[in-house]
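Since the structure of chain A is provided, determine the placement of chain B with the ligands on it from the hints.
There are 2 protein chains.
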Amino acid sequence: MIKVVIIGSGSVAQHLIVAFRNAQKQENTVDLIQVFSRKKEKLWHLIDSTKVINEYDELLDADLYIIAVSDNSILEVTENLTFKNRLVVHTSGSFPIDELNDSNRRGVFYPLQTFSKNRGVDFRLVPICLESENATDYQILNRVAKSISNSVFAINSNQRKALHVAAVFVNNFTNYLYQIGNEICEQHQVPFEILKPLITETAQKIMVLSPLEAQTGPAKRCDSVTIESHEAFLKDENHLEIYKILTQAIQDNGKKL
Amino acid sequence: MIKVVIIGSGSVAQHLIVAFRNAQKQENTVDLIQVFSRKKEKLWHLIDSTKVINEYDELLDADLYIIAVSDNSILEVTENLTFKNRLVVHTSGSFPIDELNDSNRRGVFYPLQTFSKNRGVDFRLVPICLESENATDYQILNRVAKSISNSVFAINSNQRKALHVAAVFVNNFTNYLYQIGNEICEQHQVPFEILKPLITETAQKIMVLSPLEAQTGPAKRCDSVTIESHEAFLKDENHLEIYKILTQAIQDNGKKL
Ligand SMILES: NC(=O)c1ccc[n+]([C@@H]2O[C@H](COP(=O)([O-])OP(=O)(O)OC[C@H]3O[C@@H](n4cnc5c(N)ncnc54)[C@H](OP(=O)(O)O)[C@@H]3O)[C@@H](O)[C@H]2O)c1
Ligand SMILES: NC(=O)c1ccc[n+]([C@@H]2O[C@H](COP(=O)([O-])OP(=O)(O)OC[C@H]3O[C@@H](n4cnc5c(N)ncnc54)[C@H](OP(=O)(O)O)[C@@H]3O)[C@@H](O)[C@H]2O)c1
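From first to last, the protein sequence lines stand for chains A and B. Start counting the first sequence at 0; every next residue gets the next number (numbering that gives the first Met the number 0). Start counting the second sequence at 0; every next residue gets the next number (numbering that gives the first Met the number 0).
Chain A with its partners taken away, still in its complex shape (with noise of 0.2 Å):
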């Protein structure tokens, strides 16, 4: 068994737990031995309490320490860990794996998808992209990240950076455009509700066509004139502003082909 240590107590740290706790149901490969939170009481909803600690000398023995703590804390409870010598990894997808203390092996953990408190997820669907200082330890993560997912990749800091801004766009951005949608929606007096279903079935056809071949509307068929009157339909200067570049980058895109 590999014994596993998390560190932190905020989202991905919470689904990282309930993930661990329902894989021991299915198989022996790892043992979540240990958690660390600064409040207790805060997991105890999650895991037995004799389990969590919030003293750095309290930390038991482990084969891995998943640090799951906002991204400018990372360094500080690399720094604040008493041992030296033993794995320890973040879960962080832009913070680069030499800038973490050096006096422990290093890697990285980092479970690419949205986490929020009350949502549940299927960590079996959640990809996760590794990346250590040498082979073993990669193989010490890949046999961890395999027993809580069936989708587990080796993705160097360079790739991950890549990774965390390509989920910039298709996450935050796409979050915004919904935001958009919304707006136009609320000033003239339509249920954003008629959306959804094109909201999921656009999300829906990316994973069976590719973005280019998925692509439809105005902008990809030059038609200027609906784009003319969408464009004097839009008061507000900022979706103005939006519609007009992504649809400016839409055509120079389908020049490309």
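Note that these hints are calculated values from the structure, not bench results. Honestly, I wouldn't trust all of these hints.
The list treats identical chains as one, so a pair stands whether inside a single copy or across any two.
Said to hold, decoys possible - Cross-link-like lysine-lysine pairs, in silico, BS3-like; alpha carbons within 30 Å at most:
id: 1; residue 1: K255; residue 2: K116
id: 2; residue 1: K254; residue 2: K160
id: 3; residue 1: K160; residue 2: K243
id: 4; residue 1: K50; residue 2: K39
Quick look at chain B with the ligands alone, frame taken from chain A:
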């Protein structure tokens, strides 16, 4: 039974034929008596070939004619109709009701979804936006729409235009953000597959949270360190420009709260 004729044989026409066929198995509200297709054989896999015609003077007497042809042919089709004072609607998100030929009673039957010929759609989940010039016609449209969908709305031409513009943001522009995500992955040799669960979750979150509540990421957090590092990372001018504009918009939006 309400007698319906469809004019057109593209994506929307074909999905409507299937939807009416399914509805007729359940209840006897609507009878699809005829379909007009310039190329008759295009529809033989979907409907009894005796019901498919390609001459306007073969059109039977019906309670409702649904014109599902390309936007720039709608007017031409209405002008080809030899009868008068019957209920004639189109399926377009952007064509105004009063630009239809006025020899017949006019209306709109706009299914707000993105249809592709090779993808099945559960029509019961497709919102249908209805408009008519009088209340009696609205009752007919409403009964026909409800026979195939659980989601039927009275939407005037101005609201329909708002929905169409909003649909461009949540569908066409969102798909283009997927395209950028894909390009960033390709440039750094990571599989776009890794982002797909995130794309799914981003769309699903919006079913239960407002876009404002669902917004996360460096722009929302005003995390200037991450934003600057992403901007330095993006070598493609077009990606960078879109990154900057959407980041700024999300930050400005946060300030409005
Ligand atoms: N959320 C996501 O969607 C997501 C996805 C992939 C990766 N990640 C990454 O996963 C990591 C954790 O993110 P999260 O979303 O779980 O964050 P979160 O929900 O905001 O939770 C942050 C956690 O960090 C702890 N913490 C902060 N400063 C600390 C310190 N100095 N010492 C000890 N603990 C400290 C907090 O403890 P208190 O509760 O005591 O304040 C809290 O448990 C980050 O690196 C993030 O980039 C997040
Ligand atoms: N696709 C969508 O996602 C969607 C969603 C909502 C609403 N709509 C609206 O639904 C309508 C149809 O769109 P679509 O996607 O089904 O289009 P489509 O797949 O491109 O098919 C267009 C159809 O129009 C026919 N047509 C074109 N010019 C014609 C003419 N002069 N006379 C007779 N038939 C003519 C074509 O016949 P041939 O096969 O003989 O060329 C074809 O059957 C449009 O108003 C569109 O805005 C589309």
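Cross-check of the supplied hints:
{"no.": "1", "hint": "K255 with K116", "verdict": "between (42 Å within a copy, 25 Å between copies)"}
{"no.": "2", "hint": "K254 with K160", "verdict": "both (29 Å within a copy, 28 Å between copies)"}
{"no.": "3", "hint": "K160 with K243", "verdict": "both (28 Å within a copy, 17 Å between copies)"}
{"no.": "4", "hint": "K50 with K39", "verdict": "within (10 Å within a copy, 71 Å between copies)"}
Every hint, counting from the list given before, is met by this structure.
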